[in-house]
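Visitor: Sequence:
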Amino acid sequence: MNKTVLIVLNVITGLFVMISSVLGYVFSGIGEGSTNDFSILIWLFIWVIGLFLQFKLKTRVIGLIITFIPVVYFDTTSRK
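Residue numbers (our numbering): 12 to 91.
Rather than coming from a laboratory, the hints here were simulated on the basis of the structure.
Beta carbons are placed, not taken as given, at the ideal position from N, Cα and C, and that holds for glycine.
Treat the hints with care, as some may be off.
The calculated label-pair distances, taken between Cβ atoms and stated as ranges, are [said to hold, decoys possible]: (1) 23 <-> 67: 34 to 44 Å; (2) 48 <-> 14: 31 to 41 Å; (3) 66 <-> 30: 36 to 46 Å; (4) 15 <-> 40: 31 to 41 Å; (5) 39 <-> 14: 20 to 30 Å; (6) 18 <-> 86: 17 to 27 Å; (7) 17 <-> 56: 13 to 23 Å; (8) 49 <-> 87: 30 to 40 Å; (9) 70 <-> 26: 14 to 24 Å; (10) 76 <-> 41: 31 to 41 Å; (11) 60 <-> 86: 30 to 40 Å; (12) 88 <-> 20: 38 to 48 Å.
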């Protein structure tokens with residue numbers, strides 16, 4: 012894969028995951044008597060792990076797959 016395309020793809024997926032994670036965290040504490048759900052920030056952490064795995068040539072493919080797991084999760088949960 013072209014290096015420029017990979018960087019652009021990572022920036023776009025990273026922004027999507029970061030914004031979705033922050034909004035999910037903020038809105039999870041709105042209900043009466045509820046507290047913010049820290050577990051939703053784990054998706055941002057998973058995306059970061061996938062990003063770092065892409066830096067090595069041997070783990071680039073698995074890193075790309077791991078990067079898309081939070082994107083697919085937030086995309087499917089936003090359609091409900």
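Visitor: With reference to the structure, classify each hint as holding or not holding.
Guide: A quick look at each hint next to the structure:
{"no.": "1", "hint": "23 <-> 67: 34 to 44 Å", "result": "22 Å, violated"}
{"no.": "2", "hint": "48 <-> 14: 31 to 41 Å", "result": "36 Å, holds"}
{"no.": "3", "hint": "66 <-> 30: 36 to 46 Å", "result": "23 Å, violated"}
{"no.": "4", "hint": "15 <-> 40: 31 to 41 Å", "result": "39 Å, holds"}
{"no.": "5", "hint": "39 <-> 14: 20 to 30 Å", "result": "37 Å, violated"}
{"no.": "6", "hint": "18 <-> 86: 17 to 27 Å", "result": "21 Å, holds"}
{"no.": "7", "hint": "17 <-> 56: 13 to 23 Å", "result": "21 Å, holds"}
{"no.": "8", "hint": "49 <-> 87: 30 to 40 Å", "result": "21 Å, violated"}
{"no.": "9", "hint": "70 <-> 26: 14 to 24 Å", "result": "23 Å, holds"}
{"no.": "10", "hint": "76 <-> 41: 31 to 41 Å", "result": "33 Å, holds"}
{"no.": "11", "hint": "60 <-> 86: 30 to 40 Å", "result": "19 Å, violated"}
{"no.": "12", "hint": "88 <-> 20: 38 to 48 Å", "result": "21 Å, violated"}
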